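Following the hints, put chain L with the ligands in place on chain S, whose structure we already have.
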Amino acid sequence: MKKIEISRRKFLQGSVALCVYATSSPATIIPKKTTKTTITEATNIPYLCNMCRNKCAGFARVEDGVVTKLNPNQYFPKSRNMLCPKGNAGIDAIYDKDRLKYPLIRIGKRGDGKYKRVTWDEANEHIKDKLVKIFNEQKDNRSTLAYCNGEGFNKNEYIKFFGGKIGSANFLDEGSICLNTKLGATILTIGDIGEPDIAGSDFVIMAGANRYESLITPDSIDMIKADKQKLVVIEPRCTVTAIKADEWLAINPGTDLALCLAMIYITLKDELYNKEYVKKQFDDFDKLKEHILKNNYTSTWAESKTNIPAKKIEKLTKDFFTASRPLFYLGRRSVWAKNDFQFRRAMVLINALAGSINTKGGIIFGKPLKLPNEEINQPFYSNAQGRFDLDGIVYGSSKAGSWLNFREKLLNGSAPYPVKAMFIRKHNLMQNMPNIKKTKKMLEMMDLIVVLDTMPSDTAMMADVILPECTYLEREDMVVSFNRLEPSLALRNQVLKPLYESKSMQDILKGLGQKLTIPLFELSMKHDEELQESIEEMGKLEAFEDGGYNLSELYKQDISTRNKILISKTFGEKAYTSLKEKGVWYPNMEKYHKEVFNNSYVYYPEDRKFYTVNKKYRVKCHIDKLNKHGYDAMPTWRDSYDFKVPDKSFRLITGRYVMFTQSATANNIMLRDIMKTNHIWINNTVAKNLNIIEGDRVEVKSNIGKVEILAYPTNKIAPSVVFFSHGFGSNSDELEQAFGNGANDNQLIEDKMENIYGCAVMNETDVQIRKIRT
Amino acid sequence: MAKYGMAFDYKLCINCHACEVACKEENGILLGADKHRLWIGESEPVGDFYNLARDKGGFLQHQCQQCENAPCLKACPNDAIYRDENGIIQLYESKCDLSLNCMDACPYDARYVDEKKHITDKCIFCSDTRLSRGETTTACQITCPAKVRIFGDLDDENSEISKILSQREYFTLKPEKGTEPKLFYLV
Ligand code: SF4
Ligand code: SF4
Ligand code: SF4
Chain S
1 MKKIEISRRK
11 FLQGSVALCV
21 YATSSPATII
31 PKKTTKTTIT
41 EATNIPYLCN
51 MCRNKCAGFA
61 RVEDGVVTKL
71 NPNQYFPKSR
81 NMLCPKGNAG
91 IDAIYDKDRL
101 KYPLIRIGKR
111 GDGKYKRVTW
121 DEANEHIKDK
131 LVKIFNEQKD
141 NRSTLAYCNG
151 EGFNKNEYIK
161 FFGGKIGSAN
171 FLDEGSICLN
181 TKLGATILTI
191 GDIGEPDIAG
201 SDFVIMAGAN
211 RYESLITPDS
221 IDMIKADKQK
231 LVVIEPRCTV
241 TAIKADEWLA
251 INPGTDLALC
261 LAMIYITLKD
271 ELYNKEYVKK
281 QFDDFDKLKE
291 HILKNNYTST
301 WAESKTNIPA
311 KKIEKLTKDF
321 FTASRPLFYL
331 GRRSVWAKND
341 FQFRRAMVLI
351 NALAGSINTK
361 GGIIFGKPLK
371 LPNEEINQPF
381 YSNAQGRFDL
391 DGIVYGSSKA
401 GSWLNFREKL
411 LNGSAPYPVK
421 AMFIRKHNLM
431 QNMPNIKKTK
441 KMLEMMDLIV
451 VLDTMPSDTA
461 MMADVILPEC
471 TYLEREDMVV
481 SFNRLEPSLA
491 LRNQVLKPLY
501 ESKSMQDILK
511 GLGQKLTIPL
521 FELSMKHDEE
531 LQESIEEMGK
541 LEAFEDGGYN
551 LSELYKQDIS
561 TRNKILISKT
571 FGEKAYTSLK
581 EKGVWYPNME
591 KYHKEVFNNS
601 YVYYPEDRKF
611 YTVNKKYRVK
621 CHIDKLNKHG
631 YDAMPTWRDS
641 YDFKVPDKSF
651 RLITGRYVMF
661 TQSATANNIM
671 LRDIMKTNHI
681 WINNTVAKNL
691 NIIEGDRVEV
701 KSNIGKVEIL
711 AYPTNKIAPS
721 VVFFSHGFGS
731 NSDELEQAFG
741 NGANDNQLIE
751 DKMENIYGCA
761 VMNETDVQIR
771 KIRT
Chain L
1 MAKYGMAFDY
11 KLCINCHACE
21 VACKEENGIL
31 LGADKHRLWI
41 GESEPVGDFY
51 NLARDKGGFL
61 QHQCQQCENA
71 PCLKACPNDA
81 IYRDENGIIQ
91 LYESKCDLSL
101 NCMDACPYDA
111 RYVDEKKHIT
121 DKCIFCSDTR
131 LSRGETTTAC
141 QITCPAKVRI
151 FGDLDDENSE
161 ISKILSQREY
171 FTLKPEKGTE
181 PKLFYLV
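Protein chains in written order, with the numbering used here: chain S, 1 to 774; chain L, 1 to 187.
Just chain S, with the same shape it has in the complex:
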């Protein structure tokens, strides 16, 4: 019989990072009014979650106009009838008392948090005056306005407005502080981003991803559910994912590439790879083989880099290549080391060497449902200049940009023109990228900062104008197509009318567009010679209409009308009804969707899943363009990648907990109830030597800053490494729960960039630790 007896009280004392003891922070938990559900009549409205970027589907229970419970939606293949803790706590995002409620204009100094409440019209008027002045000074160079977005939904529409209609080239999103190296490495190597079929695999290696602890997605669920699957986790610390793995291999931070190179070496040398597949799909296989063998990436060599015993590397490789359907999970989220692009690329190559591409249990291409694009008429601004954040970066993504390069070029004056205005939508710049001091300096260079958000985040406190967006439960959004293996459409229906004076993004942009259309057109008339010519040719009115200068064009119809037309026209009335009533639709859903056992469902029968599709693609071992730019055309180890930590220092690694995957939930009262603050993990033996015990306050210092945080000595981290999680240490005193609670990793993390995609490298900062004597 099993004996795990951990009582409630023990739980309170000992629980990992979920500690409950009081901190000296000013945050106090205020008792919340109970939201207990009742037996009265209620409506259940299908919606899509937005507490993180996974977008699970749920039904909101509404009693008497109040959301009392969020329940999972069994129809959505992507979220498999579950809601994570964040999803459940969505109620507290709507009813957060600190929410942004009204449009605000700054009256104090930037950053000191003094604002006055204004009407929407006053806010738009203020924006107009400033923007006209800026564009006039910059001679209608529209790119002097930069705009960024951190929310998954409505991003395209946001781009259509500021990029398409207003005409700025400077768009940035979270890609360069998130997963762009992985996306890029996959596209460049096999021509598509693909989707991992974890459920179908019998042997999974997971490196550089933490799917049980940091966020929960279909992949996490499939891993839990897959019996007869072997899971090997490669991680520098013993995470929940590592605890649940069949095997956990502790690795030196930033050396996963060395492990991959050794795996490739072994499989080439011992000819374990799938020869038939390689022959059919690979380009430059011989070059790869020669390169890897010549460099002698043996398991012994890899042991010296990774600290994983050579024998284990040998065994891992053999087990992987002899499994029926092996998958090296490509990871997601965050760029850990300078070599991240090559690491992700090596992972793709390992999958390809095993033949695990476009097949069950591997990386599948699948067949997503295609939604038509709503075309808009985009003006051409001849004075608008191009973006500069991708200068000096080999590939980069114009859909995401490079934050660190953008910021650096503005700060060091090498940007070709000034950026004077910034529109920031749900993107917490003051928390989310390394070296916050620099971000603050960049924002201080702006003449106009407008923030669209639901919460008074640290970034909102830097704004000149704050526009309160409604939460995800208060609006309908355009329908979205999800997934490739089991494709579906899902719709975020409106559960409540926007609270206070908040508005949906579309309504915000509609108002702004109406206010800006004429003044901005007049500016172009003044500065834009091509426009002047067309006016001469066809007259003002026609030049205006023909040129697409009406900024609110897309918002002539409201979202629900647009959805109705678009869905019914493309997929039929039934699809529309299903999306309204069940939140989800895919072909044959009624026939395919079945309960198996205990609230688990199947969504597609086996023979209807898109495991293998007809698609032309090549596996590219050698990428010439990389060579031309002075980078490695094939994954290669460089001495600068070696893991070395100076004496008396520690390597700081960061990560996320499912309650706070992004900093947006930092003020959520229910989630704070579960995890009050963050702690720094220090190896228990090291801590003992430093005389640090659990709950001690320590100072952590890097080259760029210092923080104070509580200590958590543990055997789950290596002596040379320390860890604390992202999502804490907010500076905005408008956030009662989050303010001053815990520490923010980006106050310590140095701004180091990898040059293939211009991504911020998160795990290459060394820190020193000192106990604070009290």
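Read the hints as simulated data drawn from the structure, not as lab findings. Since this is a predicted model, take the numbers as computed values, not measurements. Even for Gly, the Cβ is constructed at its ideal location relative to N, Cα and C. Hints should not be assumed to be uniformly reliable.
Said to hold, decoys possible - Counterexamples of contact, computed for chain L against chain S with all Cβ distances above 12 Å:
{"hint": "1", "residue": "35"}
{"hint": "2", "residue": "43"}
{"hint": "3", "residue": "48"}
{"hint": "4", "residue": "57"}
{"hint": "5", "residue": "83"}
{"hint": "6", "residue": "101"}
Stated by the list, open to error - Cβ-to-Cβ under 8 Å is the rule here; a few derived chain L residues that face chain S:
{"hint": "7", "residue": "20"}
{"hint": "8", "residue": "25"}
{"hint": "9", "residue": "33"}
{"hint": "10", "residue": "47"}
{"hint": "11", "residue": "53"}
{"hint": "12", "residue": "56"}
{"hint": "13", "residue": "105"}
{"hint": "14", "residue": "132"}
{"hint": "15", "residue": "144"}
{"hint": "16", "residue": "159"}
{"hint": "17", "residue": "160"}
Then chain L with the ligands, alone, in the frame of chain S:
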């Protein structure tokens, strides 16, 4: 009339806390980390970093065991605790004077003090919320990503819980106490 119980496929648990939040939201449980009807016990890895012994099944679900032979019921000096027609241990809230005898008597630490209502509270299988409006799942069960929790009528041989208990081995917590718990841990 039913005899409700819950089985846990406990090795699947990833300690994500979704169940805890769902229970609090559904049942209007007070905020505060010591106020909860359910919690997950964690057994931490032992040894030093390079030789850690991990326990894959180290996350265990805890909540009121709905004892057939309930020490809390017997211990209450005010007869405030009773068993309802579905076998769920309930409380007459007006009779509870916070003598806390039930808390001392419970071998599972299942009860906590609800300071707002001045009662001892614990899991009641969502009986005054979900079950009372005809739903057949509990809040913690339905939200669980791993579908660890199987809830149902032990008297109904066709229920999923009866089926799984007839197919798989299981253990109960502290059987030596003779409480006859109705929570079952599947092995
Ligand atoms: S929701 Fe399920 S997986 Fe998550 S902690 Fe609860 S029982 Fe475990
Ligand atoms: S677990 Fe505790 S509270 Fe629940 S019935 Fe048994 S003795 Fe009573
Ligand atoms: S059954 Fe209901 S009351 Fe009991 S722990 Fe689960 S959610 Fe809470």
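Restraint satisfaction for residue 33/L [CB to CB of chain S, less than 8 Å]: holds, 4 Å
Would you assess whether residue 35/L, listed as outside the interface, keeps its beta-carbon beyond 12 Å of every beta-carbon in chain S? Residue 35/L not clear of chain S: closest Cβ-Cβ about 9 Å, inside 12 Å.
For residue 48/L, is the shortest CB-to-CB distance to chain S above 12 Å, so the non-interface label stands? The assertion about residue 48/L is violated, with a minimum of 6 Å to chain S.
Hint check: 8 Å Cβ-Cβ cutoff, residue 53/L to chain S: violated, 10 Å
Do the numbers back the hint for residue 47/L, that is, is its least Cβ distance to chain S under 8 Å? holds, 7 Å
Hold the hint about residue 160/L up to the distance rule: shortest CB distance to chain S must be less than 8 Å. At 5 Å from the nearest chain S Cβ, residue 160/L passes the 8 Å test, so the hint holds.
Residue hint residue 144/L, partner chain S, criterion CB-CB below 8 Å: holds, 7 Å
Against chain S, is residue 56/L within 8 Å by beta-carbon distance? Hint holds; residue 56/L Cβ to chain S Cβ min 6 Å, cut 8 Å.
No chain S beta carbon within 12 Å of residue 43/L's: violated, 5 Å
Are residue 105/L and chain S close enough, Cβ to Cβ, to be under 8 Å, as the hint says? Because about 14 Å separates residue 105/L from the closest Cβ in chain S, which is outside the 8 Å limit, the hint is violated.
Does residue 20/L pass the interface hint, meaning its C-beta sits closer than 8 Å to a C-beta of chain S? holds, 6 Å
Hold the hint about residue 25/L up to the distance rule: shortest CB distance to chain S must be less than 8 Å. holds, 6 Å
Going through the hint list in order, the structure does not satisfy hints 1, 2, 3, 4, 11, 13, 16.
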